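A.B. asks: Protein chains in written order, with this note's numbering: chain Y, 1 to 451; chain B, 1001 to 1451.
Think of the hints as simulated: they come from the structure by calculation, not from any bench. The structure displayed is predicted, hence computed values, not measured ones. Do not take every clue at face value.
Pairs of lysine-lysine, BS3-like flavour, derived with a Cα cap of 30 Å [stated by the list, open to error]: (1) Lys-279/Y <-> Lys-1150/B; (2) Lys-159/Y <-> Lys-1150/B; (3) Lys-1229/B <-> Lys-1150/B; (4) Lys-114/Y <-> Lys-1150/B; (5) Lys-1397/B <-> Lys-159/Y.
Spelled out from the first residue to the last, the chains are:
There are 2 protein chains.
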Amino acid sequence: MISRLDSLLGEQQVSTREADLLCYGFDASQIKGTPVAVTWPETINDIVKISRFSYDHDIALLPRGAGTATTGSSVPPQGAIVVSLERMHDIDELNIEDQYVVVQPGIINGALQKELSRHGYFYPPDPSSLNFCTIGGNVATNAGGPRAIKYGVTRNYVKELEAVLPDGRIIRTGAKTIKSVVGYDIKDLLVGSEGTLAIIARITLSILPEPETIVTLLATFTDLEPSGKAVFKIISSGIVPRCLEFMDREAIKVVESYSPTGLSDSESLLIIELDGDVKSVQRDSERVVRIIHTLKGEVKVAEDSISRERIWKARRAIPAALFSIADTKINEDIVVPRSQIPEMIVFLRRLSEESGISIVSFGHAGDGNIHVNIMVNREDEERYTTAKALVKRIFEKTLSLGGTISGEHGIGITKAEYINMEIGHNEMDLMRGIKRLFDYKNLLNPGKIFP
Amino acid sequence: MISRLDSLLGEQQVSTREADLLCYGFDASQIKGTPVAVTWPETINDIVKISRFSYDHDIALLPRGAGTATTGSSVPPQGAIVVSLERMHDIDELNIEDQYVVVQPGIINGALQKELSRHGYFYPPDPSSLNFCTIGGNVATNAGGPRAIKYGVTRNYVKELEAVLPDGRIIRTGAKTIKSVVGYDIKDLLVGSEGTLAIIARITLSILPEPETIVTLLATFTDLEPSGKAVFKIISSGIVPRCLEFMDREAIKVVESYSPTGLSDSESLLIIELDGDVKSVQRDSERVVRIIHTLKGEVKVAEDSISRERIWKARRAIPAALFSIADTKINEDIVVPRSQIPEMIVFLRRLSEESGISIVSFGHAGDGNIHVNIMVNREDEERYTTAKALVKRIFEKTLSLGGTISGEHGIGITKAEYINMEIGHNEMDLMRGIKRLFDYKNLLNPGKIFP
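So that you can see chain Y by itself, here it is in the shape it has in the complex (with noise of 0.2 Å):
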C-alpha cells in the first residue's frame, strides 16, 4: 500500500529503506519507534495528499522537524508514516515594516536568526538545541529558551498559522495583525499540541528589532541560597533581564570536568543578560552587581562578544557533559513561582543526597524553570528504578509550590504517566473531546500526551 504514495509523491519523497526508518525512528528521549515509510513534503499541497492518503487507509501519520524532543513527542507510533518537513525550509515573506515573518515549518531557528540579523532583527524564542531545532517544532511544543524571561515564549509570537487538518483540509488561523479577537482562538490550540492535532505547514511569527548593546555578568557564589535570593531581588527591583541562567554546584563540576572554565570553588553561579541601550543597561549592570556583592556573591561582567561567549560556553556545555556522570539522564523542566526556586533547588539537593543518585539542576531561573536531570546508568537496573520513582517526588513537590511539571519541553511519551497530576478529569476530558474533534480517526501522532 506505501507503494502507492510513491505514485502521488514522486520518488524522491518517499522511502521505506531500513536507514531511513531507523534515521527518523527516534528523538532526543532516546525511545525507539517502528514507522513503515518516511515521506518528504515539499508544499502544503503534499501535505494534503499524504494527510488524504493516511486518512482514506486508516495509517498514523508523525510530522517531524528536527527531532530534537527529550519526550519523546517526535518518536513515530508503530506502523506510522513519518511526515519529515525539514525540505520546506524556506522563508516566504519577511516584512520589516509589520514587523513579521512568513516561514515554512522546517526551517531551522538558527538559519532564521542569522537571516534575520541581517536586517537587524531577531526572533527571541532560543531554545538550547536552536542551530538543529526547527521553528515547526518549537510552535508544536510552544518552545522558550534564556530569553523566555524577558520575551516570553514562542507562543507569544506566533501571530498566524496554516495546518493541514487529518483528513487533508486546509485551515488558516490567528491574523498578521497586532490584535484580532474574532471566534474562538484555534491558533492557541494548535501551539504547543505536539503534532496531534494538525501538520503545521506555514508560520507568521513577530520579530523584533536587535537591542542596541547586550551585557553578560557571571554570578558566582560560595552557598546556594542566595543565588535563588538574587534571582528573587533582581526581579522585584524591576530589572527585566534578557536571560537569568542558574547551574548548582553539580552542574559546574561537570562542566568542569569536561572543560575547565576555572569555577570549580563555586556552590552555584547565576548569568544574567541584560539588553537595551546603552545607558539604561549600564544602569541596571550596576544595580545587578550591588546585587550580587549584598548577598556575598562575586561577579564578572562582559561587555564583549567574545567575553560573552566564554561565559555562555560553560551553560551550553552542560547537555553533553551530564553523560560524563552516567548514561542516562531522566530529564525534567519543572517551573514553579519564581520565589519558590530556593526552596525548589534545596529540595533537589537533599533529593539526590538522601537517593544517592545524582541531580544536575540548572536552568532558566528568572522565570522558575529549573532543568532536573537525574542521571543514571541505564543498566544499574536497581538505581534507574530508584532514579524513576525520584521524578513523581519531584513533580509532587513542584505541584505542592504552585508550579507545573513541564515549561518548554512538553508531554510527549514520557511525561503522559504524570499529566493526571496536574491536570484535572473534567480538563483532561475536554482535552479529549478536543483531539477527537480534530483527529477523531486518532491518526495524528497518537500515543502522546494523554495517558
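With chain Y held as given, fit chain B onto it using these hints.
C.D. replies: What follows is chain B alone, placed relative to chain Y:
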C-alpha cells in the same frame, strides 16, 4: 420555575422585577434583550448552582460583567437568566513576589488598578471603559486598550482561569508560573469566547511594576497622511511607546465642539506616551520630537500628570462627544498591519466624502487598531441603510490590506453576519465543534459569534 432559583440561592440573589429585567437587558450596543430573571452569584458555588439549574431545565444563561460590550455580546438571549457577576468583586490574593493577582470576575478594571498602584504595580490592559468594565468581561472579550501597543492585550496577562462549564462542572486551566506546556491550551480558548463556553469564576493575572516615569507628547499635523507616516517611523526606529493614539479631523472637530481644547486647526493628531527609566524616556522623547518635526508636525511635551491629563482629556471625550453629530454610532474596531494605516485612513475619508455620511476615525494607531465610527440618525431610515452598507465595504478593504475585522470588541451580535468574511468554512466548523464540546445544549449566551 424561576421561583425555585430563590430557594437555591436566597432571595437577595434573584430578581424577576421589571426594573431589573430592563436594566440588565441591554449593553453598550443599545440592543435590547428579554431575560426572565437576573441572578447575582456571590461564590463559585452559586455559579455552579445556577448552571446546574439552567442545564436541568434547558434555560439559557448570560454571564454579565458591566455590560460595556459594544457588539451586543452581553445582551441576554430571549428567555435567558442573567448571571451578573458584579458581587464577586474581591481580590483573593495579591502576590507581589511572583507578580500576580487572583481576582474574582466582577472586579472593576479601574478598582484593580487603584489597589495595585498602592503597591507600585499595574495591570497593563486599559480599555477606555476601565472605570466601569469588569475584569471578567475583559477576559471574555480579550479586551485591549491604548497600552496594548507596548504591553499587549488581556490574553497576554491571563495566567490561570477557574470557570464553570454549562453543566456545572468546575475547570481550572493555565498555570501560575511564567511557562507551562502541559496539554492543550484550554485557557486561551476561554479568553475572547464572549461568555459562550464557560462562566469565568476566578482569574489569575500577571502584574508589572510601575515604570519610573511617563512622558506624553501631543503631535498635530495640518495634513492627514503625515500622522500615519509618523506612526510608522516611530515604531521602525525601535521606540516602543506605551501608547500611540490617533485622531482624524472629524474626531478633533467633534471633541472641540464638545469641549474646546484649542486643537481646531489640525487635520490629524497623535498622542504618544513613553514610559521607562528617566534617561531612556528622555532620549526617546527627543527622538520622537525630531520625527514629528521632519514630517512638519507640531509637538507639545507633557511631563507632569496635570498636563498629561489635559492631553488625554480630548482623547477620552470622543465617545461621548460623538453623539453631538448623530444619535447612533456604528462602531467598528478594525485592525490593519501598521504599514497600511495611511492607506486605510485615506480610504475612510474618501468613503465619508462619497457617501456624505460622517465617519469619525480614531484609536490605537500604534498597533493598527482604528476605531471607525459611522455616525447617523437612527430615524433616517435611508441614511441608516446607506451607513450599514458602508460597514461591509470597510471590512472588505480591511481584509484586503491583511487586516482583521475586530481588534478588541469581538463579534457578539453586530458582527456575526460578517464573521464569514474573515473566518473560512473549515475554521468555522472547528469553532462550532468547540462550542458543542463545551456547551452541547447551547445554553451559554446562545446567538453570539456564530452567524
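A.B. asks: Would you check the hint for Lys-1229/B and Lys-1150/B, treating anything up to 30 Å between C-alpha atoms as holding?
C.D. replies: 19 Å, holds
A.B. asks: Please verify whether Lys-1397/B and Lys-159/Y have alpha carbons no more than 30 Å apart.
C.D. replies: 20 Å, holds
A.B. asks: When you check the alpha-carbon spacing of Lys-114/Y and Lys-1150/B, does it fall within 30 Å?
C.D. replies: The given pair, whose Cα atoms are some 26 Å apart, holds under the 30 Å limit.
A.B. asks: Sort out whether Lys-1150/B lies within 30 Å of Lys-279/Y, counting only the CA atoms.
C.D. replies: Distance ~20 Å between Lys-279/Y and Lys-1150/B Cα, so the pair holds.
A.B. asks: Taking 30 Å as the top limit, are the C-alpha atoms of Lys-159/Y and Lys-1150/B close enough?
C.D. replies: With Cα atoms ~16 Å apart, Lys-159/Y and Lys-1150/B stay inside 30 Å; holds.
Every hint, counting from the list given before, is met by this structure.
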